[in-house]
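Chains as they are written, first to last, in my numbering: chain A, 1 to 118; chain B, 119 to 806.
Source of the hints: derived by calculation from the structure; they are not laboratory data.
The structure displayed is predicted, hence computed values, not measured ones.
A hint or two may mislead.
Said to hold, decoys possible - Derived lysine-lysine pairs resembling DSS-like cross-links, with alpha carbons at most 27 Å apart:
| id | chain 1 | residue 1 | chain 2 | residue 2 |
| --- | --- | --- | --- | --- |
| 1 | B | Lys145 | B | Lys125 |
| 2 | B | Lys145 | A | Lys79 |
| 3 | B | Lys289 | B | Lys351 |
| 4 | B | Lys338 | A | Lys79 |
| 5 | B | Lys351 | B | Lys125 |
| 6 | B | Lys145 | B | Lys197 |
Said to hold, decoys possible - Some chain A residues judged to face chain B by a derived CB distance under 10 Å, without partners named:
| id | residue |
| --- | --- |
| 7 | Asp18 |
| 8 | Gly28 |
| 9 | Pro29 |
| 10 | His31 |
| 11 | Gly32 |
| 12 | Ala38 |
| 13 | Ile39 |
| 14 | Gly52 |
| 15 | Ala53 |
| 16 | Leu54 |
| 17 | Gln59 |
| 18 | Asn76 |
| 19 | Ala80 |
| 20 | Arg84 |
| 21 | Thr86 |
| 22 | Arg102 |
Quick reminder that beta carbons are idealized off the backbone N, C-alpha and C, glycines included.
These are the residues of each chain, in order.
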Amino acid sequence: MATREENERLELLQGTLDLLILRTLIFGPQHGQGIARAIQQTSQDELLVEHGALYPALQRLESRGWISAAWGISRNNRKARFYRLTGSGRKQLVKEAAKWNRLAVAIGRILGAEAGEG
Amino acid sequence: MLGPKRKRSDFNAEVEAHLALEADRLKEQSMTDEEARMAARRAFGNVTRAQERFYESGRWVGWDHLVQDIRFGLRLLRKNPGFTAVAVITLALGIGANSAIFSVVDSFLLRPLPVADPGQITIFDRPQKEGFALPLFSIPDYRDLRDQTTKVFSGMFSYLTRFDGLSVNGKAERIRTYYVSGNFFSTLGIKPATGRFILPSEGETPGADPVMVLSYTYWKGRFGGDPEIVGTKVSVDGHPVTIVGVAPEGFYGINLLSAPQAYLPLGMAVYGGQAADFITNRAARFVFVGARLQPGESLQRAQAVLDGVARRLSQQYSDTDKDFTVKVYPELRARPIPQAGSLVVVLSGLFLGLTTIVLVLACVNVANMFLVRSTAREREMVTRAALGAPRSRLVRQLLMESVLLAIAGGVAGILFGSWMRIPIVRGRTLTEADDEKSQYVAIVNETMVKRFWPNQDPVGRQFTMSRESNHPMQVVGVARNSRFLGVVPSWPIDAYFYVPYAQHYETNSLETVQVRTAGPPELMIPEVEGVVASLAPDLPVFDAQTMTEALNTLVGLLIFEIGAVLAGAFGILGLTLAIIGVYAVISYALGQRTQEIGIRMAFGANSQDVLLMILGEGFVIVGAGLTIGLAGAVSAARVVRNFVTVSATDPLTYLAVSATLAVVSLLAGYVPARRATKVDPMVALRYE
């Protein structure tokens, strides 16, 4: 599969990584590498996620009780730490997603108006 | 929040797993092992950084830093033993003086009585229209007050305090006693350590209830805590009395200044010479009165009820109780006696003020020393900041050093504080075991050691008194020289020695009996005469206390002893702190002026010039300080004039103190000044 050149990808906005992780976990438990892969694939390789940056975010979400973790076995039989969305994580996802959509719509309106005038 | 902390190895394993999974995926896209491994690492980014961030996210980073700070601080303090020692001693002196004074003030004035609900206990005063009288009541008045105020007081007790000759198996001893009303213990709500207390039915009839309750410490000290004590027959002032119980540990009666060794029923006070009608005579005022407020009852309401009863009594018994008034005080406000502005309160306030000044001085000095040192550490701080240490971390590090010093000073201070209360400087004190059957022993004071055994260890040596030449006495301890109130400080202290009374009945007999009265002395004269007249074979003499013991009881001169020792200590303490302060400030100032001194010397000033300049400046500072200090001393002297027997404005004292201070302060400045003149001009010019 062809991958985009790294310098062409978009850097994540501050605070959006948490939202993406929570969203990814809605399909079921996943380990760190799987989450990184999923974000990259779902965004059709538009987003630049440094895999290492994922872990402080996972740590943070876990400490807030939005996700829980346990060691398990991956599909190709490797030991991996699997993360699972908790009840409060689900609520947080709904809240954050709604906030993000409002923001995106608002910014889209402003940019759209500017484009219309220009 | 986080459960038990996740181990770093667990996190590292997760990262390894991630890299392996990513490499697996890349290999499926026909990469070689090596290529896949490299690509996975690239995608991951900086592994070490991720591990660091994991570590920093942990809850224990602060703890790790704390441990590092403590280690570093300890290393630094070890590296500068002189600085550490001076700072610790400075703080220890300040804290030690404070803890010693505070523990005395606390036990005298602040600690509640060790009884049930001490906040409900009140003490009565009998204010006079003019002048002062001890707050003593007659027993008939007490009974009327008790019976007519039951709606505000759940109980009212009375007691009188005395000294009695207690004789056990023919061995006599003078003890302080409380003669208490039958409800004394039940009103206070305490439980006996063993046996029983005096019953409410006891003490109403003079001489009818020969029972006695021991204080806990006296039971332990005099009777070795004998568990079979109940039922023991003793004799009080020659009359047989049975011990029926022991008061609980820590209970000292109503007043720490008059802590008794034993309690007897009020009616038994006739044994010690109290007139037989003192129970019924309304004019015979001998008892202190206290009461317990009903739960939730206010002092104001109690006072109002008492006012009514007192008014009725003064009308009803106008011959004895004319102008009879009663004022009720909470027990905590009634120490040592229920009166506003008592001497103990004033003295305690005075000494607390002094200790506060000393503590502030100590703190300022240590702050100065840190300031001096911080000039030397500027480079260290700049370097560490440049290497990326956040300012908060540097501040924390410096704070930790201060905290360590403060802890060391505090610990040393508390050790000092407890040491100050022990008047024996060598050897041991006298004990119960030193009786007439054992080796004759004595404790000598420091002057006696200087005179008879200069530069030798006196403990173990023997001497005899000329009138008891067949009884050599062995020195077992050395007592610190001490002065008591009223002794002019400039008189030399005589050689003294203290002996156990038990070993010197015959020779000392009545020649050396001293009578110290609790109340007005004239009231005690007939009583003392009565006791002397009734001297019986089993009552050889009624003071068997050793001098040291007598002085060490709070009844004795301990409070003045402490005062005298502490006042002297404060003087030396203040001077020490002043020296440290002057030294630190001048060192600091000179550290700042190294360059200036270098320039002066480069332009031809010699070391003598520099020395004179620095000392001259020091003289100005010290002179200014002395002027202000003298002005303060003169005004302070006016305040304390009432308490001291020496003239508070003795010019010679001021002159001597000022000269000493000036010389010592200038010497303290001389050391850093000398150091400054040793500076090589070239080094000084390049400085900074």
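When the least beta-carbon distance from A:Ala80 to chain B is tested against 10 Å, hint result: Constraint on A:Ala80 satisfied, holds at 5 Å.
Is the straight-line distance between the alpha-carbon of B:Lys145 and that of B:Lys197 27 Å or less? Roughly 58 Å separates the two Cα atoms, so the pair is violated.
27 Å Cα cutoff - pair B:Lys289, B:Lys351: 13 Å, holds
Minimum Cβ distance from A:Asn76 to chain B below 10 Å? At about 6 Å, which falls below the 10 Å cut-off, the nearest Cβ of chain B leaves the hint on A:Asn76 intact, so it holds.
Hint check, A:Arg102 versus chain B [nearest Cβ-Cβ separation less than 10 Å]: At about 30 Å, which exceeds the 10 Å cut-off, the nearest Cβ of chain B leaves the hint on A:Arg102 violated.
Using 10 Å as the Cβ threshold, decide whether A:Thr86 counts as touching chain B. This interface hint is violated because 13 Å lies over the 10 Å limit.
Can the hint on A:Leu54 be confirmed by a CB-to-CB distance to chain B that is less than 10 Å? Check passed: Cβ of A:Leu54 comes within 8 Å of chain B, closer than 10 Å.
Let's test the interface hint: is any C-beta of chain B closer than 10 Å to that of A:Ala53? Hint on A:Ala53: holds, closest Cβ of chain B at ~7 Å, below 10 Å.
Using Cβ atoms only, decide whether A:Arg84 comes closer than 10 Å to chain B, and label the hint accordingly. Status violated, d = 15 Å.
Please check whether A:Pro29 passes as an interface residue: C-beta within 10 Å of a C-beta belonging to chain B. 14 Å, violated
Is the interface hint satisfied for A:His31? The criterion is a beta-carbon contact with chain B at less than 10 Å. The hint holds - A:His31 has a Cβ within 10 Å of chain B, the shortest such distance being about 7 Å.
What's the verdict on B:Lys145 and A:Lys79, does the C-alpha distance respect the 27 Å limit or exceed it? Holds, at roughly 18 Å.
Violated hints, in rising order: 1, 4, 5, 6, 7, 8, 9, 12, 13, 20, 21, 22; the structure is consistent with all others.
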